[in-house]
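Undergrad: Chain by chain, the residues:
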Amino acid sequence: MGQQGMALKSIGMLAVCALTLAGCSALKGTGAGAVLAMFKGKGDQPAATAIPRAELEKAGIPLILVRNKTFGTEAFVGPRDSRGSLVNWATADGVLVTLRDGVLIETRGLGGDLMSSAMPGIGQVIAGGSHRRSYFYTGPDDRIFRLDLTCSTEATGSETLAIFGLAYPTRHLVETCRGDGVELQNEYWMQGGLIRQSREWVSPTLGYVELTRVID
Amino acid sequence: MSTRRSKSQLAVTALAGLLCGPLAVPARAEMRPTLSFTGVPGLIDMPSGEAMADGNFSVAVAGFGPITRTTLSFQITPWLSGSYRIQNTRNWNEVVNDPANPENLYSSYNDRSFDLRIHLLKESGWRPSVTIGLQDFAGTGKFGAEYIAATKTIGDRVKITGGVGWGRLGSYNSFGSPFGDRPDPDVGRGGKPNANTWFRGPASFFGGIEWQLNDAWTVKAEYSTDAYGEEAGYRKTFERRSPFNFGIEYHRDETMSVGIYSLYGSEIGFNVNFVLDPKRRAMTGILGAGPVAVGQRPSRSADPDAWDGGWVTQPDAAPILRDNLDKYLNPDGIYIEDFAYTATTVQIRIRNDKFDAGAQAIGRTARALSHVMPASVEVFEIVPVVRGMAASKVTMRRSDIESLEHVANNGAVLRDRVAFGDASGGLAGGSGADPEYYPQFNWGLGLGYRVSAPARGDVGLRATASYELPQGIVLSGSVYGRVYDNLDKVFVIDKGGSLPPVRSDVRDYNEDSPLALERLQAAWYAHPADNIYTRLTFGYLEPMHAGISGEVLWKPVDSRLALGLELNYTKQRDTDGGFGFGDYDYSIATGHVSAYYDFGNGFLGQLDVGRYLAGDTGATITLDREFANGWKVGAFASFTSASAEEFGEGSFDKGLHLTIPMNWLLGQPSRKEMDATIRPLQRDGGARVDVQGRLYDTIRDYHTGRLDEQWDSRVWR
Chain A
1 MGQQGMALKS IGMLAVCALT LAGCSALKGT GAGAVLAMFK GKGDQPAATA IPRAELEKAG
61 IPLILVRNKT FGTEAFVGPR DSRGSLVNWA TADGVLVTLR DGVLIETRGL GGDLMSSAMP
121 GIGQVIAGGS HRRSYFYTGP DDRIFRLDLT CSTEATGSET LAIFGLAYPT RHLVETCRGD
181 GVELQNEYWM QGGLIRQSRE WVSPTLGYVE LTRVID
Chain B
1001 MSTRRSKSQL AVTALAGLLC GPLAVPARAE MRPTLSFTGV PGLIDMPSGE AMADGNFSVA
1061 VAGFGPITRT TLSFQITPWL SGSYRIQNTR NWNEVVNDPA NPENLYSSYN DRSFDLRIHL
1121 LKESGWRPSV TIGLQDFAGT GKFGAEYIAA TKTIGDRVKI TGGVGWGRLG SYNSFGSPFG
1181 DRPDPDVGRG GKPNANTWFR GPASFFGGIE WQLNDAWTVK AEYSTDAYGE EAGYRKTFER
1241 RSPFNFGIEY HRDETMSVGI YSLYGSEIGF NVNFVLDPKR RAMTGILGAG PVAVGQRPSR
1301 SADPDAWDGG WVTQPDAAPI LRDNLDKYLN PDGIYIEDFA YTATTVQIRI RNDKFDAGAQ
1361 AIGRTARALS HVMPASVEVF EIVPVVRGMA ASKVTMRRSD IESLEHVANN GAVLRDRVAF
1421 GDASGGLAGG SGADPEYYPQ FNWGLGLGYR VSAPARGDVG LRATASYELP QGIVLSGSVY
1481 GRVYDNLDKV FVIDKGGSLP PVRSDVRDYN EDSPLALERL QAAWYAHPAD NIYTRLTFGY
1541 LEPMHAGISG EVLWKPVDSR LALGLELNYT KQRDTDGGFG FGDYDYSIAT GHVSAYYDFG
1601 NGFLGQLDVG RYLAGDTGAT ITLDREFANG WKVGAFASFT SASAEEFGEG SFDKGLHLTI
1661 PMNWLLGQPS RKEMDATIRP LQRDGGARVD VQGRLYDTIR DYHTGRLDEQ WDSRVWR
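Chains A and B are the protein sequences, given in the same order. Using the numbering used here, read the first sequence as starting at 1 and increasing by one per residue. Using the numbering used here, read the second sequence as starting at 1001 and increasing by one per residue.
These are computed hints drawn from the structure, not numbers from a lab. Think of the CB as a built atom: it goes at the ideal place given N, C-alpha and C, for glycine as much as any other residue. Incorrect hints may appear among the rest.
Cβ-Cβ distance ranges computed for the label pairs, FRET-style [to be verified]:
| id | chain 1 | residue 1 | chain 2 | residue 2 | range |
| --- | --- | --- | --- | --- | --- |
| 1 | A | Glu210 | B | Met1256 | 29 to 37 Å |
| 2 | A | Thr150 | B | Met1256 | 34 to 42 Å |
| 3 | A | Thr150 | B | Asn1442 | 48 to 56 Å |
| 4 | B | Ser1299 | A | Asp148 | 27 to 35 Å |
| 5 | A | Glu183 | B | Phe1179 | 49 to 57 Å |
| 6 | B | Leu1447 | A | His172 | 54 to 62 Å |
Residues from chain A that keep clear of chain B, each with C-beta distances beyond 10 Å, as calculated [said to hold, decoys possible]:
| id | residue |
| --- | --- |
| 7 | Pro62 |
| 8 | Gln124 |
| 9 | Leu194 |
| 10 | Glu210 |
All chains should be built: construct the whole structure from the sequences, respecting the hints.
TA: This is the structure we're talking about:
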């Protein structure tokens, strides 16, 4: 039971501000806006996985499904803006997940957010050798807490993922990180060089967040 | 560069065991403390040696037989906690017959008490946790007790408590008086610490056991050494047949528990507790939409024209830039009060209406500037404005904003590169606020309450409105309409005192005004010189007094110390809540010199010396603890020339103050707060004009003391 992150309670389709603020209003008339109207937050939300792929494709933009078991939240995010390999993925309410080189580096609006970090790129994760992660997250009394971990990756074989009606063959990687009396495991499902799905730890409040790339 | 005052906010945590779920209460080897009927960590009626987690705030409502207790407790520091309690005993005068004792006039008696607990030892290894407690250390002494209690955890489900108690806790089956006899408390009018009684008189051993069956259910048993001599023995309000108490409690989570008990072999009792940890937000965390990405300028080599400073000569540059900035800022509740620029520097004066943390408004403004300002502008000066006063000037370099956006620990890194200064006077080259913003009319309607006596008063609707004009002029008022009251249940006893009734006629004020004009005033705020702020308020300043109030405050942006001077001239208003002054022919000039000190870590102190409404002179000392999210708990006491006899019951004015920010409850951005002041008694000594909008709290949010508490976690949010 536990408190819900209010911003993510609804499975909102997103108003994707893919370019700038001006771009935001332009998108309202397109497929994304139409689907947004269908799924505006009210009581009986269907489970995210119940939405047919055809509906999602109407939005016309890449979509990642973000899930968090700790608070039972699910939301679709689309690319809001990008700079080099860094992409900000956002929901309609402005909840933000920032990925650099495919790896989650920051969140906003999830509660107990990861405010900043020093993370490896996906290349470093795949390579398997020892690498480091530093997390700076918001904890009690709104203070920033720091966690430094040393990580190594292990490939555990192939796995076929069924995502919204399509099957993807992937390689499953498990990254084990230790430090400060803590051990956690991040998981990546690689489809070639693309991260098809990942399960990454964000902060003590949130725990793990699962990111599934649904629409490319 | 102004250096940060408080030490770095970074904390390294040991997170063992916390990965599976939400952040738990700080990991401790022992079980969580549970509260007793007296609202402090304890068993049933007996205290234990534990302490609540630092900063925790609890409300306990417990009762058995004729007795009901409501206790507020606050863990002021990890080793010191305080409590404020009201105990109501029914059937107080049912069997006694002594007319000489004024207490016997009450059929139901309210006793207020203050406690202090000092946590001497934390539990670890073989060592138990040990606490010394002073119960009802200042007051009529009816509830007075002192104790040393120790609690040890066995395994991870059982706690054993044992201790020695004096006073009430030594009244049953004592083993002797190790420190001599207990003199009668020097009660006088009550309200003063009875130090000469502490740890004196008969002492007894008390103890008990607490067994946690599972995460939700706990069973307790204890041996109580409180004989209830007055309640059970003398007044026979209940029968104390046995010293053994038992009970079972349901703990829904760390925040709430309910219990049912068998007490003294004759009564069934209940205990409901709420524990709040202000450091943990009610809604998972700080919510609200994320910020736009920082705007990045093109490189000089790729686009040298963009870096040209010629745009400054464009006559319509200002309106265009302001419009574009509004597109970013207004959705975040930030409005431009003024705006001026050169080719390399821009100063923007903003009003922050939404974010509780000034640092977040500053960060959002920097992002907006990074998108809108032409590339040649390198220096951002962001000036938060409150009621027309520029509270501070935050200077940062655009290159730092661009380069630090996704750097690890960027909050602290940016703080080291930012300069804070004063921003008095107007902005040269600025054209002021958008004419559409002013006048600003705001209104609100909500439930309110008025207290005449403990647990007596009325509830009703309160309508407030404010009309803000540019240049720091604010017209405001509030009207209260009574909906329901239990005033007729107040049993009035002359509580003594010979001061003019500047406050003690509160019952008349509440009774006579079903509809009351509480406030109607015009205030003018200014920032005339560096570090100097001024206020002038005129009108019906508060429900009981009207007049004029002027204030000057000296407060540099990064100083721990602030000094102020306030002068007022007021007349006492009629009790009917209207515009007249005929009831009391009383006017007085009052004033104070004030010193404010920010001790760091959220502890604030204030000392006011001067003349109070009843003509008495003296000092008020206030201590507050403020949390980063805006929670504030404080206590105050006034010591004035009004002798205890003149003051009446209570001896001196004292009370508690509590502020709960709305954004803590909701998670979403909001600057609204709920405020409550609790006084055991409203008497006439040490009374200040209750004028709203004093300077210190108005501008503090944008000075480094407060900004730094929130900077690291908010400036990049």
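Undergrad: Look at each hint and say if it fits the structure.
TA: To see whether the hints hold, each was checked on the structure:
Distance hint check: the CB atoms of Glu210 (chain A) and Met1256 (chain B) are about 31 Å apart, consistent with the given range 29 to 37 Å. For Thr150 (chain A) paired with Met1256 (chain B), a C-beta distance near 40 Å keeps the hint of 34 to 42 Å intact. Judged by the Cβ atoms, the range 48 to 56 Å given for Thr150 (chain A) and Asn1442 (chain B) holds: they are separated by roughly 54 Å. The given range of 27 to 35 Å is respected by Ser1299 (chain B) and Asp148 (chain A), whose C-beta atoms sit roughly 34 Å from each other.
The hinted window of 49 to 57 Å between Glu183 (chain A) and Phe1179 (chain B) holds, with their beta carbons roughly 54 Å apart. The hint said 54 to 62 Å for the Cβ distance between Leu1447 (chain B) and His172 (chain A), and at roughly 56 Å that hint holds. Residue placement check: Pro62 (chain A) keeps its beta carbon more than 10 Å from all beta carbons of chain B (closest about 17 Å). No Cβ of chain B comes within 10 Å of the Cβ of Gln124 (chain A); the nearest lies about 15 Å off, and the non-interface call holds.
Look at Leu194 (chain A): its CB is around 22 Å from the nearest CB on chain B, clear of 10 Å, so calling it non-interface holds up. The beta carbon of Glu210 (chain A) is kept farther than 10 Å from every beta carbon of chain B, the shortest such distance being approximately 15 Å.
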